[in-house]
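S.K.: First to last, the protein sequences are chains A and B.
If you're matching positions, the first sequence starts at 0 in numbering that gives the first Met the number 0 and goes up one per residue.
If you're matching positions, the second sequence starts at 0 in numbering that gives the first Met the number 0 and goes up one per residue.
Among the hints, erroneous ones may be present.
No farther apart than 20 Å at their CA atoms in a straight line, the calculated lysine to aspartate or glutamate pairs in the DMTMM-like style are these [claimed, not checked]:
#, chain 1, residue 1, chain 2, residue 2
1, A, Lys168, B, Asp53
2, A, Lys78, A, Glu125
3, A, Lys94, A, Glu125
4, A, Lys168, B, Glu41
5, B, Lys16, A, Glu145
6, B, Lys20, A, Glu112
7, B, Lys20, B, Glu55
8, B, Lys16, A, Asp114
9, B, Lys20, A, Glu197
10, A, Lys164, A, Glu204
11, A, Lys11, B, Asp64
12, A, Lys223, A, Asp246
13, B, Lys16, A, Glu125
14, B, Lys16, A, Asp101
15, A, Lys180, A, Glu204
16, A, Lys225, A, Glu192
17, B, Lys20, A, Glu192
18, A, Lys168, A, Asp183
19, B, Lys16, A, Glu188
20, B, Lys77, A, Glu177
21, B, Lys16, A, Asp189
22, B, Lys20, A, Glu241
23, B, Lys20, A, Asp246
24, B, Lys77, B, Asp64
The set of hints was computed from the structure by calculation and includes no laboratory data.
The structure displayed is predicted, hence computed values, not measured ones.
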Amino acid sequence: MTATIVTITSGKGGVGKTTTTANVAIALAELGEKVVCIDGDIGLRNLDIVMGLENRIVYDLVDVIEGRCRLRQAMIRDKRMSELYLIPAAQTRDKSSVSPSDMVRLCDQLRDEFDWVLIDSSAGIERGFRNALAPADIVLVVTNPEVSAVRDADRIIGLVEAEEKGPAKLVINRLNPELVKRGDMLTAEDVVELLAVELVGIVPEDQSVVVSTNRGQPVVMEAKTKAGQAFRNVALRLQGQEVPFLDLDERKDIFQKLSNMLRSGGD
Amino acid sequence: MAAWRSRRSGRSANAAKERLKLVLIHDRTDLTPKAVNNLKNELMEVISRYIAIDPEAVRIAVTQDGREQRLVADIPIKSSTRRKIG
Chain A
0 MTATIVTITS
10 GKGGVGKTTT
20 TANVAIALAE
30 LGEKVVCIDG
40 DIGLRNLDIV
50 MGLENRIVYD
60 LVDVIEGRCR
70 LRQAMIRDKR
80 MSELYLIPAA
90 QTRDKSSVSP
100 SDMVRLCDQL
110 RDEFDWVLID
120 SSAGIERGFR
130 NALAPADIVL
140 VVTNPEVSAV
150 RDADRIIGLV
160 EAEEKGPAKL
170 VINRLNPELV
180 KRGDMLTAED
190 VVELLAVELV
200 GIVPEDQSVV
210 VSTNRGQPVV
220 MEAKTKAGQA
230 FRNVALRLQG
240 QEVPFLDLDE
250 RKDIFQKLSN
260 MLRSGGD
Chain B
0 MAAWRSRRSG
10 RSANAAKERL
20 KLVLIHDRTD
30 LTPKAVNNLK
40 NELMEVISRY
50 IAIDPEAVRI
60 AVTQDGREQR
70 LVADIPIKSS
80 TRRKIG
């Protein structure tokens, strides 16, 4: 087994890196892959709570790097999946506790045992980003169809290229089909044209993401949600499969919507 | 109902795209519009020493080709010069 190391990054904060990491990891595990996620955001630990594993942390990434525990001991197994693990970030330390070469060494240790290592990068272009980028085979840049997020994504894509880790692949998160139709949101095509990188996911804005994250059950675990389906497609594309992009045109769902309304009394 | 309302409220996406296009070129090349203008003036000065050009018709721009930036200069030569010499 030789794992592919995927770093999920964005430049701008709050665009959905952690949500993407959690959901793609679970989707890959559901496809029968052996997956480990690393929370690279030291000092701002979040992947654990998004995945619903926050109560099971004993050791963290910095404990492994500083030799206070064995790698195995810091890996939390997600019991809902057969082969999904999380290495949480340290919460009371800062980014400088880990170096890019520490990350490379750690990932080399994981390579033989897993199919995929997913690293959730911190926002920004400093140490946390450098740490997450160093071991990457594939870089996924997450953005939103919005000016500041696209501009920061472009900067990150340039840095990834400069480090010879490119070309990065793009995930457009929180696309609102309603706004796009009205001409008030950049389309996925616009964003791809501006950034000129390969698109591997379009995730629609979906309230189910908030609801499922509240419960610690990433949205991909719910079969019928559009965001869940979109994240599942990202996983399939990472596996090298050709998957058409979802049709996000709401009008097609009108009958489904009507019947839902009738059943739930408006919800 | 939403459809006809959209025609008036819409189109801000176009503004976003156009603004991003310009800002990304400058982010990527580290060239400000002012620097491009200075470049244009100096370039015209040098070229004018050798050939007569029409300053009004000169176009200098950074364009995007995939993730590569290209400096494109379109400098029409005054055709009258040739006839005068010949």
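S.K.: Look at each hint and say if it fits the structure.
M.R.: Status of each hint after checking the structure:
no.: 1; hint: A/Lys168 to B/Asp53; verdict: violated (45 Å)
no.: 2; hint: A/Lys78 to A/Glu125; verdict: violated (34 Å)
no.: 3; hint: A/Lys94 to A/Glu125; verdict: holds (9 Å)
no.: 4; hint: A/Lys168 to B/Glu41; verdict: violated (40 Å)
no.: 5; hint: B/Lys16 to A/Glu145; verdict: holds (9 Å)
no.: 6; hint: B/Lys20 to A/Glu112; verdict: violated (44 Å)
no.: 7; hint: B/Lys20 to B/Glu55; verdict: violated (25 Å)
no.: 8; hint: B/Lys16 to A/Asp114; verdict: violated (38 Å)
no.: 9; hint: B/Lys20 to A/Glu197; verdict: holds (18 Å)
no.: 10; hint: A/Lys164 to A/Glu204; verdict: violated (29 Å)
no.: 11; hint: A/Lys11 to B/Asp64; verdict: violated (25 Å)
no.: 12; hint: A/Lys223 to A/Asp246; verdict: holds (14 Å)
no.: 13; hint: B/Lys16 to A/Glu125; verdict: violated (28 Å)
no.: 14; hint: B/Lys16 to A/Asp101; verdict: violated (40 Å)
no.: 15; hint: A/Lys180 to A/Glu204; verdict: holds (14 Å)
no.: 16; hint: A/Lys225 to A/Glu192; verdict: violated (24 Å)
no.: 17; hint: B/Lys20 to A/Glu192; verdict: holds (10 Å)
no.: 18; hint: A/Lys168 to A/Asp183; verdict: violated (25 Å)
no.: 19; hint: B/Lys16 to A/Glu188; verdict: holds (11 Å)
no.: 20; hint: B/Lys77 to A/Glu177; verdict: violated (53 Å)
no.: 21; hint: B/Lys16 to A/Asp189; verdict: holds (7 Å)
no.: 22; hint: B/Lys20 to A/Glu241; verdict: violated (30 Å)
no.: 23; hint: B/Lys20 to A/Asp246; verdict: violated (27 Å)
no.: 24; hint: B/Lys77 to B/Asp64; verdict: violated (30 Å)
Going down the numbered hints, you'll see the structure goes against 1, 2, 4, 6, 7, 8, 10, 11, 13, 14, 16, 18, 20, 22, 23 and 24, while the others check out.
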